[in-house]
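If you read the protein sequences in the order shown, they are chains S and G.
Under our numbering, the first residue of the first sequence is numbered 1, with each subsequent residue one higher.
Under our numbering, the first residue of the second sequence is numbered 1, with each subsequent residue one higher.
Since the hints were made in silico from the structure, they are not lab data.
Just so you know, even glycine gets a beta-carbon here, dropped at the ideal spot from N, CA and C.
Check the hints yourself; a few may be wrong.
[What the hints assert, rightly or not] Heads up, simulated EDC-like pairs for lysine to aspartate or glutamate below, C-alpha to C-alpha not over 16 Å straight-line: (1) S:332 x S:237; (2) G:33 x S:80; (3) S:357 x S:315; (4) S:7 x S:268; (5) S:7 x S:386; (6) G:33 x S:76.
[Stated by the list, open to error] Derived CB-CB ranges, DEER-like: (7) S:270 x G:61: 56 to 64 Å; (8) S:302 x G:143: 46 to 54 Å; (9) S:270 x G:8: 30 to 38 Å; (10) G:61 x S:78: 28 to 36 Å; (11) S:251 x G:144: 55 to 63 Å; (12) S:171 x G:132: 46 to 54 Å.
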Amino acid sequence: MGRTLLKKVWDLHTVRPLSTGQTQLFIGLHLIHEVTTPQAFDMLRSRGIGVAFPDRTFATTDHIIPTRDQGRPFADPLAEAMLSALERNCGEFGIPFWNLDSDRQGIVHVIGPELGLTQPGMTIACGDSHTSTHGALGAVAFGIGTSQVRDVLASQSLAISPLKVRRISIDGELGAGVFAKDVVLEIIHRLGVMGGVGHAYEYGGAVIDRMSIDERLTVCNMSIEGGARVGYVNPDETTFDYLRGRPFAPAGSAFDRAVSWWRSMASDPGADYDDVVAIQGADIEPRVTWGINPGQSVGVSGRIPTAGSDGGVAEALEFMGLAGGDPIQGTKIDVAFVGSCTNSRLSDLREAARIAKGRRVARHVKALVVPGSQAVRTAAEAEGLDRVFSEAGFEWRGAGCSMCLAMNPDRLEGRQVCASSSNRNFKGRQGSPTGRTLLMSPAMVAAAALAGEVTDVRAALPESGP
Amino acid sequence: MSTREIDRIEGTGIPVRGDNIDTDRIIPARFLKAITFEGLGDHVFEDDRAGRSDHPFSNADYAGARILLVNENFGSGSSREHAPQALKRWGIDACVGQSFAEIFRGNALAIGLACVTAPHDVIGGLMTRVEAAPATRLALSLAGRVLEADGRRIAVTVEDQVRDALLAGTWDATGLLLDDFDVVRGVASRVPYVRGF
């Protein structure tokens, strides 16, 4: 029986089985940011422990940084204290840090792939649940908490329980106006927000095979919303082409040697899966969430479900102020947000700009575009996307997590409804305890911003390509 | 740092009904703007409590509870350890629920907060009992995999590795992971991308 990528990576990185039944797993790449690490460094100091492999940890800042006025000190003293702590900790322990003044700064899950730090066959850890994103390049990437960040700093390893593997095959092809975001929302809707507990999700099939790395990053990003700890796509030519020439990718003949090793880490044909799920790409519509967890979505031509005896639906409808049985199209929005580690890459901005070009944001809508990294921002500006957005009435901002979780000044007010390309529609997620989030693809967000309400992006697509 | 062996957790319970209660609800993101975990206990479920005057964490009858009763997929979403930290600092030492999200359960274990599971009907019965009589004494034995309530013994499920780590006091894994650091170095030297292609 063949082995999966997960099994190969797991075996290679196993330090030893622990007496507790968990595995001590070597972590090849550790990414850190300002929110989940200050306490970890303090724990190291109080125990007199150093950082075992400071050259295998990389830091950036993303969650708390303002996307407009980035002058120091920040207006928010708590945000300033967090960034200062990261600066101090990286300095003291010798960890490379891409701060605001670096053109490599950005959302941790955007810059890892962008810099070529994220590579096939690696184990990766980061104190952020969306670390699953990095699986798009064939890595096994774990979101961890602060005590585990301490463990990785101290020992470059984690105590972790084995995972099962579910192969999710997206077959055939997607229709026009249907994006990677819609694919993953469909998966979460079908399998449920806890369907992936105990599993790694391996994504494959013709649709995934044809996807760019940016699109695969979107799919893997939301594995966690489906309950899976880890999501990955087997490395292929698309992966190798993406990595070639990136700053931290191997160069010259080392790159060719790397490619043969990366290729060998992909799941074997006939690998042994714990479960297999197949979805037809043609069955997937642009999707929109109507509720308070990411599994609660419908196709844009569909209707919001009625509560019936399901207490979860009733609670969601009450919070959202939506009526079961109504079409989701026509739901009025107040805010439109293009950004987050799910959908803030250059291709996402291009798709949104393609919809926005030459049109105007509805008068009552506040719309903002937050690139995922300084590199994305620069590349977008080089092709004029900033002007397309500005002329259409979108605000063009600096790189960061921004309104995905509103730890910076970008947040919803009161009961505002936000069409958002982010990953979570939890109660209060976007900064107002009563604020409401509708998750959708960046193109759908742009279309909603123009219409002032949820609308089918397929009707707004330009006649020809960009 | 020495860690503590954890077996028996006794005290009153506090029920929070609902499936998929995510970590943004347990501790909203604005309380993550801090460089310590101190004071988080004061803000546990803050926005849920503001939206609902009868929230259990606002109900004085449950003050001092040590065992949290929850339903399905508790702690989903963000990996913020602040969520179990907030619960623990409020006074919770064990969670008994239908199921837990994976990262939450790992984070809870790493700070010595036990998460054990029981079927829907059992949890429902316990919640109803505690709502009717908040002073009901509960006692969780990890070694025995049993929860005692009013003299009744209820079987609970806890993974061997979680149970063993709590019983042995190795739930704080740093010491364990540093036990044999030469082996870690050995793995680093055999992994192609660390060694160099």
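Subject >> Violating hint indices (sorted, rising) >> reply: 1, 3, 5, 9
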